[in-house]
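Asker: Since chain P is already given, all that's left is putting chain Z on it; use the hints.
Each chain is listed here by its residues.
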Amino acid sequence: MTAMDWLVILPVLVLSGWALTVLLVDLWIPAKYKFITPLLTVLGLVVTLGLSLSKFGNPQSAFNGMVVVDGFAIFLDFIFLVSGLGAVALAYRYLRRMGIERCEYYSLLMFSISGMMLMTYANDLIMVFLALELLSIPLYVLAGFVRMEVRSEEAALKYFLLGAFSSGFVLYGIGLIFGATSHTELPAVAAAVGKSSANLPMFIVGAALLLVGFGFKQAAVPFHMWSPDVYQGAPSSVTAFMSIGAKAAGFAALMRVFVAAFPSLSADMSWVLWALSALTMIAGNVIAIAQTNIKRLLAYSSIAQTGYLLMAFVPYGNNQVLGDTVAAMLFYLLAYMLTTLGAWAVIIAVEKNGGEGLELKDYAGLGRRHPLLGAAMTIFMVSLIGVPPTLGFWGKFYLFRTALEGGFVWLALIGLLTSLVSAYYYLRVVVIMYMQAGEPETADDLWLRLVALTCAAAVVLLAFMPGSVLSLAVRAVLQIL
Amino acid sequence: MASQFFPILVILALALFVGFFVVVLGTIFGPRRPTARKSSPYESGMVPYGPGTRRMSVRYYLVGVLFILFDIEVVFVLPWAVVFRELGMPGLVLMIVFLVVLEVAFVYAWKKGALEWE
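Respectively, the protein sequence lines represent chains P and Z. According to the numbering used here, the first sequence is numbered sequentially starting from 1. According to the numbering used here, the second sequence is numbered sequentially starting from 1.
Isolated chain Z (complex conformation):
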């Protein structure tokens, strides 16, 4: 039993070595010539502007929540569609029940004004 896990132990040791010693060696022996560009947070990305704690609109949050609704719908519908023929009529009925429950939530959110942008 225990011998089955030996390869995992080896990988763990290797990972520790690479993650720890290599970085330590690099910081000790590597040359260090910092420039303004090299010290920026994203060396090869955009130049950051403004403070990091700006206010943002949280209206995306509602869109995000509604997205989860349809995300879950797809997660369930896709495997169901693959085996649709084998499931037959009961499968169709159950999926309709599931979709109705989901749409109730959607209609509720719509009517409450979750989709109004302003």
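Only chain P is shown next, with the shape it has when bound in the complex:
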């Protein structure tokens, strides 16, 4: 352990230290000046973002290979930190409006983000587990942040119990893998197993248990049961953050662990992932059709997006297409982050106290009454379907293309067909906004409008230069240690 090691993980150190500081400082801020806390949070997130980005193009490993900070990690850090900034902007007035303005929100947010960042750095199963807990525990608390409301309490308890259960799966899997290979470091595990793992049943079971644990975090079918209830019960700004951050962190862990430690399993695991991906796409999109609550609709939509993202992992043992698929996944995550963040900003603008204003019929007339918000929401819905000219189109285009390159024609076809199905429920939101009469009231909140319009602009403008975004993702992938 040297000073160099600490410098490598400096972004995480700064963020977690800042979270502690904000927690303490807020205790002495008088009620009149509470706006200082979110300001401090934004400062911390921006500084961390700067520190993290300054490491791009300079992959390093530290603590005897327990953590690696490479382009892949930094690309995902960017997604976590920007969605964290989004979660602060969404929450700033929303929390006061809902009567739950407490500084712990901001500290817990930062703790959770440091866990997510650590997850992308983790190159050792112990680190993976530590990061998983660090990111999950603050999210359990945040889900129950509206503690006066039964629905929020239920969400927190459900998330906590099922989350603890899935952590158990991960831990048991790590135990079995350690038992089979006597290593926890990912490259060492792969080296100990060698080319074939046929004579190591414990190792195979361990890998399957890890897949279950990560599948829970990503909300992949059949491990998705918690997500609609939790997404609905949690405060909307938390849901927005959770549906981006926790999902991306699950994919980071899956990518690190499976590519680095389980190349020997790729032939068999690829069919398991194939089935998982197909099932998630079909179930998510089909169940979403029946939803009338916008939060549940987006919850099922985010399950469906998990299915598309899982597509990138199916050919994970094939080194020729691996780089392309991971780059496509990073691109899709970026598109998903911008789209989802904006869509939640619109939802929060329409939401009222006590869980009102969350039904689809509350959106009737939004397009005429508030043309900007309506237009932004239309862009997000179109991007989630994957229609040009939006970033979502390119995300799906690259994902399907890499699936075809890997030789998974049927999977790409299922993706295409389920996208068509999804057009029904996404466009229904647009139809209700423009075709039905109504006078919806929206919250007078500048920050929500700012987030919605910025995201809408980014989703459209970046779609005109998908090549440069993708080449950034490719550069990030090329630096993987």
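A portion of the hints provided could be inaccurate.
Some but not every residue of chain P turned toward chain Z, in silico, with C-beta under 8 Å [what the hints assert, rightly or not]:
hint: 1; residue: LEU20
hint: 2; residue: LEU23
hint: 3; residue: LEU24
hint: 4; residue: LEU27
Computed list of lysine to any residue pairs in SDA-like fashion (alpha-carbon distance at most 25 Å, straight line) [to be verified]:
hint: 5; chain 1: Z; residue 1: LYS111; chain 2: P; residue 2: THR21
hint: 6; chain 1: P; residue 1: LYS158; chain 2: P; residue 2: PRO201
hint: 7; chain 1: Z; residue 1: LYS112; chain 2: P; residue 2: GLU101
hint: 8; chain 1: Z; residue 1: LYS111; chain 2: P; residue 2: ALA31
hint: 9; chain 1: Z; residue 1: LYS112; chain 2: P; residue 2: LEU134
hint: 10; chain 1: Z; residue 1: LYS112; chain 2: P; residue 2: LEU20
hint: 11; chain 1: Z; residue 1: LYS112; chain 2: P; residue 2: LEU40
hint: 12; chain 1: Z; residue 1: LYS111; chain 2: P; residue 2: ARG96
hint: 13; chain 1: Z; residue 1: LYS112; chain 2: P; residue 2: ALA208
hint: 14; chain 1: P; residue 1: LYS34; chain 2: Z; residue 2: ILE72
hint: 15; chain 1: P; residue 1: LYS361; chain 2: P; residue 2: LEU446
hint: 16; chain 1: Z; residue 1: LYS112; chain 2: P; residue 2: LEU446
hint: 17; chain 1: P; residue 1: LYS34; chain 2: Z; residue 2: LEU69
hint: 18; chain 1: Z; residue 1: LYS111; chain 2: P; residue 2: ILE100
hint: 19; chain 1: P; residue 1: LYS295; chain 2: P; residue 2: LEU40
hint: 20; chain 1: Z; residue 1: LYS112; chain 2: P; residue 2: GLU104
hint: 21; chain 1: P; residue 1: LYS295; chain 2: P; residue 2: GLU359
hint: 22; chain 1: Z; residue 1: LYS111; chain 2: P; residue 2: ILE36
Listed below are several chain P residues computed to face chain Z (Cβ distance under 10 Å; list not exhaustive) [said to hold, decoys possible]:
hint: 23; residue: SER16
hint: 24; residue: THR21
hint: 25; residue: TRP28
hint: 26; residue: GLU104
Honestly, the hints are just simulated from the structure, not real lab data. None of these values were measured; they are calculated from a predicted model. In this text, a Cβ means the ideal position worked out from N, Cα and C, and glycines have one as well.
Answerer: Here is chain Z on its own, set in the frame of chain P:
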């Protein structure tokens, strides 16, 4: 490999025998002369009073949670103190970092009024 576990199998069989058959035999053949005192929930303990579902103060819960904080502190500090000389300066610095993080939580709980009894 399997023969190593044979003693465990024997113990399992014995445990099943003692736990199951002995109790069954006792209930079948044993004499039964219940008295009011014998049938009470704690035959040789306190006489229970009131219903079992009384309300209790949950203020102890906060004390319990804070106790965990210091419990964990001791769990980490004790082994650290044993090998303190071998760890040297880096060990001291890391332990101080750990304690600072822990104390932040304590100060937070204190300032939020977790220690106020009323």
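Asker: Does each hint fit the structure? Answer for all of them.
Answerer: So, going through the hints one by one against the coordinates:
no.	hint	result
1	LEU20	5 Å, holds
2	LEU23	6 Å, holds
3	LEU24	6 Å, holds
4	LEU27	4 Å, holds
5	Z:LYS111 with P:THR21	14 Å, holds
6	P:LYS158 with P:PRO201	32 Å, violated
7	Z:LYS112 with P:GLU101	15 Å, holds
8	Z:LYS111 with P:ALA31	15 Å, holds
9	Z:LYS112 with P:LEU134	23 Å, holds
10	Z:LYS112 with P:LEU20	15 Å, holds
11	Z:LYS112 with P:LEU40	20 Å, holds
12	Z:LYS111 with P:ARG96	22 Å, holds
13	Z:LYS112 with P:ALA208	44 Å, violated
14	P:LYS34 with Z:ILE72	33 Å, violated
15	P:LYS361 with P:LEU446	24 Å, holds
16	Z:LYS112 with P:LEU446	32 Å, violated
17	P:LYS34 with Z:LEU69	28 Å, violated
18	Z:LYS111 with P:ILE100	19 Å, holds
19	P:LYS295 with P:LEU40	30 Å, violated
20	Z:LYS112 with P:GLU104	12 Å, holds
21	P:LYS295 with P:GLU359	8 Å, holds
22	Z:LYS111 with P:ILE36	19 Å, holds
23	SER16	9 Å, holds
24	THR21	8 Å, holds
25	TRP28	8 Å, holds
26	GLU104	9 Å, holds
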